[in-house]
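K.L.:
Sequence:
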Amino acid sequence: MRDAPDLPARRMAALVETRVRRPGAIADAAARRRRPASVLGEHGKLMIIAADHPARGALRAGADALAMADRARLLERLCAALARPGVNGVLGTADVLEDLLLLGVLDDKVVIGSMNRGGLAGTAFEMDDRFTAYDPDSIAAAGFAGGKMLLRIDPDDAGTVSTLDACGRAVSGLAANGLMAMVEPFIAHRVQGRVRNELTAEAMIRAVTVAAGLGATSAYTWLKVPVVADMARVMRSTTLPALILGGEVPADADGAYGRWRAALGLPGVQGLVIGRSLLYPPRGSVADAVDRAVNLL
Numbered sequence: 001m002r003d004a005p006d007l008p009a010r011r012m013a014a015l016v017e018t019r020v021r022r023p024g025a026i027a028d029a030a031a032r033r034r035r036p037a038s039v040l041g042e043h044g045k046l047m048i049i050a051a052d053h054p055a056r057g058a059l060r061a062g063a064d065a066l067a068m069a070d071r072a073r074l075l076e077r078l079c080a081a082l083a084r085p086g087v088n089g090v091l092g093t094a095d096v097l098e099d100l101l102l103l104g105v106l107d108d109k110v111v112i113g114s115m116n117r118g119g120l121a122g123t124a125f126e127m128d129d130r131f132t133a134y135d136p137d138s139i140a141a142a143g144f145a146g147g148k149m150l151l152r153i154d155p156d157d158a159g160t161v162s163t164l165d166a167c168g169r170a171v172s173g174l175a176a177n178g179l180m181a182m183v184e185p186f187i188a189h190r191v192q193g194r195v196r197n198e199l200t201a202e203a204m205i206r207a208v209t210v211a212a213g214l215g216a217t218s219a220y221t222w223l224k225v226p227v228v229a230d231m232a233r234v235m236r237s238t239t240l241p242a243l244i245l246g247g248e249v250p251a252d253a254d255g256a257y258g259r260w261r262a263a264l265g266l267p268g269v270q271g272l273v274i275g276r277s278l279l280y281p282p283r284g285s286v287a288d289a290v291d292r293a294v295n296l297l
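Quick note on numbering: the sequence shown equals residues 1 to 297 in the UniProt record's numbering.
Derived by calculation from the structure, the hints in this document are not laboratory data. Treat each hint with caution, since some may be false.
[Unchecked claim] Beta-carbon label-pair distances, calculated as ranges:
| # | residue 1 | residue 2 | range |
| --- | --- | --- | --- |
| 1 | PHE125 | SER237 | 23 to 33 Å |
| 2 | ALA9 | ASP254 | 33 to 43 Å |
| 3 | ASP28 | GLY159 | 36 to 46 Å |
| 4 | GLY284 | ALA13 | 24 to 34 Å |
| 5 | GLY122 | ASP156 | 46 to 56 Å |
| 6 | THR132 | ASP107 | 23 to 33 Å |
Even for Gly, the Cβ is constructed at its ideal location relative to N, Cα and C.
Sequences are here, hints too, so could you generate the full structure?
P.N.:
Below is the structure:
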């Protein structure tokens, strides 16, 4: 199955057939995978394509509410992105990463397993980010580089402490295996029934400092943060390496690329983690959008 990126119906059928008749092929593919010598690419940064949104029920990309619901289309776009020079990593849940393993496109890639996907988008329990996907042991067994967790801190929700506790244990568990713990922190509030992240410098500083202190050691902890106003002040609040996240598909793509470029010039910022903005660009191809992002590095 190594002639990706195009993914016609016959190849989707082959993935299903493998899962039905040879489920052990997934572990075999993980064991055979050629692993990178470093988390950094030739450009000296980490460039990761994110694809863990569907597992949280977040399927929208731009105006299309179900863009990421078409698995063949998503995999085709992921394969196209991963084939571009300078892209050296991918982030996803087991179902997506295992499809990519079977397609043979993860050699020499930094693979990050997404861990807590229990806070489903748009639900009454969205703030309850339980760990429903990878755990430290399964990430280590698969030979991946680390795990990513979402940490939303709601000052008015006592349940936040459960997520803090789970993230702290995950950070410790990953570090015990020498694996990266990628923490994505926000101060969040429920407004008119919907969860909103507070994207101010003050809120991000508080979220970053809380995230940095999780676990028995921060030696393997990286942060995944959005670009906000006064980003330099945010980055002065920690010595931990940070990756800039892309977020939703921007209406102003030029503005988004400009903000990413400026953030990449700050001490501590070590690369990009971008999903929908590159996989479903408002204009142009996936390859064009990815190449433009890589050129920022």
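K.L.:
For every hint, state whether the structure bears it out.
P.N.:
Now for the hints, and whether the structure bears them out:
1. Restraint check, PHE125 to SER237: a C-beta distance of roughly 30 Å satisfies the suggested window 23 to 33 Å.
2. Restraint check, ALA9 to ASP254: a C-beta distance of roughly 36 Å satisfies the suggested window 33 to 43 Å.
3. Here the CB-CB span from ASP28 to GLY159 is close to 40 Å, well matched to the stated 36 to 46 Å.
4. Range check, GLY284 to ALA13: about 30 Å between beta-carbon atoms, so the 24 to 34 Å window is met.
5. Taking the beta carbon of each, GLY122 and ASP156 are about 19 Å apart, not inside 46 to 56 Å as hinted.
6. With their beta carbons about 28 Å apart, THR132 and ASP107 fall inside the hinted range of 23 to 33 Å.
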